[in-house]
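Protein chains in written order, with the numbering used here: chain G, 1 to 266; chain Y, 1 to 254; chain U, 1 to 249.
Honestly, the hints are just simulated from the structure, not real lab data. These numbers come from a predicted model, not from an experiment. Positions of the beta carbon are idealized from the N, C-alpha and C atoms, including for glycine. Check each hint, because a few of them may be wrong.
[Said to hold, decoys possible] Derived DEER-like restraints, expressed as beta-carbon distance ranges:
1) Pro124(G) to Ile240(Y): 30 to 40 Å
2) Asp94(G) to Arg148(U): 39 to 49 Å
3) Phe20(Y) to Gly67(U): 20 to 30 Å
4) Leu233(U) to Arg219(Y): 22 to 32 Å
5) Asp35(G) to Leu163(U): 16 to 26 Å
6) Val56(Y) to Leu68(U): 34 to 44 Å
7) Arg94(U) to Arg219(Y): 22 to 32 Å
8) Gln166(Y) to Ser207(U): 46 to 56 Å
Chain by chain, the residues run as shown.
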Amino acid sequence: MANAVDIPGIAAADIPAIAFEAVSVTLGARPILQDINLVVGRGEFVCVVGSSGCGKTTLLRLIVGLIAPSVGQVRYGGRPVSGPANDIALIFQDYTKALLPWRTAYGNVSLALEARKVPRTQRPARIAELLRTVGLGQHADKFPGQLSGGMQQRLQIARCLAQGPSVLLMDEPFGALDAMTRQVLQDEVLRLARAGNASVLFVTHDLEEAIYLGDRVIALRPNPGRVARIFDVRLPRPRHQLTTREDPEFLHLRRELSDFIHETET
Amino acid sequence: MTRLERLGWTAASILVGLSFLALWQYVAWRGLVSPVFLPGPDKAWAALADGFRSGVLTQRTLATLQRMFIGWVLASIGGVALGMLIGASPTARAYLGPTLEFIRPLPSSALIPIAIAFFGLSKSMVLGVVAFGSVWPMLLATIHGFAATEPRLLEVARILGLSRLQVIFRICLPNAMPDILAAMRLGLTVALILSVVGEILAFQGGLGSHILEASRAFRSPQLFAGVILLGAIGLVSNLILTVIEGRILRWRQP
Amino acid sequence: MKGLVLPLALLAVAELCARTLGIASDTLAAPSQILAACWDVIADGTLPLRAGQTILAALGGLALGGGLGLVLAIMLGLSTPLRRLLRFPIETLRPIPSIATLPIMLMVYGFGYRMEIAIVSFACFWPVLIIGQAAISGIEPRLLEVSRVLGLDFFARVTKVVLPAALPRLFIAFRQAAAVSLIVAVTAEIAMNPQGLGYELMAAQSSLRPATMFAMLVYIGLIGWSLNALLLLVQKHLFGFAAGSQVSP
Chain G
1 MANAVDIPGI
11 AAADIPAIAF
21 EAVSVTLGAR
31 PILQDINLVV
41 GRGEFVCVVG
51 SSGCGKTTLL
61 RLIVGLIAPS
71 VGQVRYGGRP
81 VSGPANDIAL
91 IFQDYTKALL
101 PWRTAYGNVS
111 LALEARKVPR
121 TQRPARIAEL
131 LRTVGLGQHA
141 DKFPGQLSGG
151 MQQRLQIARC
161 LAQGPSVLLM
171 DEPFGALDAM
181 TRQVLQDEVL
191 RLARAGNASV
201 LFVTHDLEEA
211 IYLGDRVIAL
221 RPNPGRVARI
231 FDVRLPRPRH
241 QLTTREDPEF
251 LHLRRELSDF
261 IHETET
Chain Y
1 MTRLERLGWT
11 AASILVGLSF
21 LALWQYVAWR
31 GLVSPVFLPG
41 PDKAWAALAD
51 GFRSGVLTQR
61 TLATLQRMFI
71 GWVLASIGGV
81 ALGMLIGASP
91 TARAYLGPTL
101 EFIRPLPSSA
111 LIPIAIAFFG
121 LSKSMVLGVV
131 AFGSVWPMLL
141 ATIHGFAATE
151 PRLLEVARIL
161 GLSRLQVIFR
171 ICLPNAMPDI
181 LAAMRLGLTV
191 ALILSVVGEI
201 LAFQGGLGSH
211 ILEASRAFRS
221 PQLFAGVILL
231 GAIGLVSNLI
241 LTVIEGRILR
251 WRQP
Chain U
1 MKGLVLPLAL
11 LAVAELCART
21 LGIASDTLAA
31 PSQILAACWD
41 VIADGTLPLR
51 AGQTILAALG
61 GLALGGGLGL
71 VLAIMLGLST
81 PLRRLLRFPI
91 ETLRPIPSIA
101 TLPIMLMVYG
111 FGYRMEIAIV
121 SFACFWPVLI
131 IGQAAISGIE
141 PRLLEVSRVL
151 GLDFFARVTK
161 VVLPAALPRL
171 FIAFRQAAAV
181 SLIVAVTAEI
191 AMNPQGLGYE
201 LMAAQSSLRP
211 ATMFAMLVYI
221 GLIGWSLNAL
231 LLLVQKHLFG
241 FAAGSQVSP
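The shape of chain G in the complex, shown without the other chains (with noise of 0.2 Å):
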């Protein structure tokens, strides 16, 4: 882990990649979360699930180090996380604004390895793997607005893997594409962090998609957000998108977590 502290006594690999310790945000008078405590494993695929209100986005915007919080701390690797560490890697649900309309695919991915300064030459290689790993290495020179909603995202994922990330934080990055669409590239995202053994955190509405790709799934309880219950997924990897689905674990896990949110939102 890049950012692991020496804590003695304590193994790097014990360190949590991330951890919220009695975390509140407020902005102005309204209070957006309450009294987080969670903690993300190396390697580990958290999904957080909730209806809105909830603050999930906010969630990620606190790893991120976008904003701060009013009270308590959020650790990346065991530090106090005091502004963006760029090998978090945030992948947003409006994919469009969050891509330069005016560069390439190319020159998009590019741009993450612009800002780590990664040297001229060795660019070009870089990129067109990582297009190839997205599936995009067809359309390298293709501008955004040219390319659909799903290679738009599968984009922003490239660019985020340019990062390096060891972390992976997506905000319902699926949200806005259609079921096919989602299917795949829930699969893509499952293959990219068991790849990069990185650890993730999935913010997302779409229950079963939160019980197929996590391995603990948190639900959350709104206005303000708090952490209602924990699930974990005791289902086998790797996950398929029909065998899985089918599973009685799935069915049941899903159950539990839909009456639970059905609870909380009543």
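Start from chain G and add chains Y and U according to the hints.
Frame of chain G; chains Y and U shown alone:
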């Protein structure tokens, strides 16, 4: 609309234009309007041809073009540079914004008397007025473009860890490009107008002086020739800029 | 109000320089002198006279050019074939700078109102035509269908459906034209016409009265700015949106 249809309509439109020309010729030929005020297109054309053959119009056109172009280039560079400085800093925007908004509706030609006061009736005075007067569209567009940078992109820049300079040149500036390029086209129009006004006032040659002299001497064919030339300059320069703009902004969806 | 800091500071510096350095008094004037001149021109009637002349010419040109532009915009906006046929003539005539028509109008009308109104009309005609035509051709086609179903004749259709539907964007065109009318009127006066604020500006400069010259400049700016602000207010009130920070004047 297919390509053929578009071509057809353009051809038809040109025909309409030509028929207006024929109408003009007819009116002039029948003397429906005094030939002192409205020369026929044939006379205007003759004046054009003569003017170029004798070199008078060539020299004057070049003088105006040169003035307009140099002033505009200076204004563009200055306007964008200054606009970037102001646009990149929210404090600067807050302090300077209202003043700039107040100056915006001011006719740039109102600067001329002040310029005359300082520089007298000289070539550099006119150039100075052209440059200073055409700066406003580019300046304001750059500032506005910077202020309107998509906030999501700025967040992305922070997360990726882009340096401040990188943010300005790789995000804010390209983002402002559509506004800046549109403003540069407008700036060229202003530059042309100011060149002509400056030439009229300061007797500095060029097409401005040409049309003024012609009007004073009631030589309408020469006058119309000059006006046509000015329109042509405006048309061609706008066309060229539009093509260049289209090329630079080709990422925009059709 | 942060916006006032800079201008006030500059004025203070200018005033200080004027008093301590005693600069050449035929090209520059201290802010206090300019302020005095601002008052003087009101008191001796120069401002009402000159401003009146400029505004009258601008309004006349706006009404004439804008009116013609609106009529044509309606015709072209409603008829696609007409719009396509007139594209070439419009695109060739449009780039002629309005100032280039000045010598023509000078020749035909001599000095005075008619010449200036003619030039301003030419200048105001185009923005109203171009933007107005876009506004009208951009009306929700459903509305036109409805008006046909209701059996409205052409005149009723235009006044009851077309114009109201296109009004917000037409107002923007009008605002543009209004700004242009003032600018072109003043420019014509600076260049040639011996009346109005522009003329007074030039006269003050050539008779070495810098305080009056700057005072004229202030008033030109003030009138332009307040016209703009007034129209924006009306727009916000009538249509509830502010198209404030546009690039083009």
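Comparing the hints with the structure gives:
1. Pro124(G) to Ile240(Y): 30 to 40 Å: holds, 34 Å
2. Asp94(G) to Arg148(U): 39 to 49 Å: holds, 41 Å
3. Phe20(Y) to Gly67(U): 20 to 30 Å: holds, 21 Å
4. Leu233(U) to Arg219(Y): 22 to 32 Å: violated, 48 Å
5. Asp35(G) to Leu163(U): 16 to 26 Å: At 60 Å between Cβs, range violated.
6. Val56(Y) to Leu68(U): 34 to 44 Å: For valine 56(Y) and leucine 68(U) the Cβ distance comes to about 35 Å; the hint holds.
7. Arg94(U) to Arg219(Y): 22 to 32 Å: Between arginine 94(U) and arginine 219(Y), where Cβ atoms are some 26 Å apart, the hint holds.
8. Gln166(Y) to Ser207(U): 46 to 56 Å: Once the Cβ atoms are compared, 55 Å apart, the range 46 to 56 Å for serine 207(U) and glutamine 166(Y) holds.
Hint compliance for this structure: hints 4, 5 are not met, and every other hint is.
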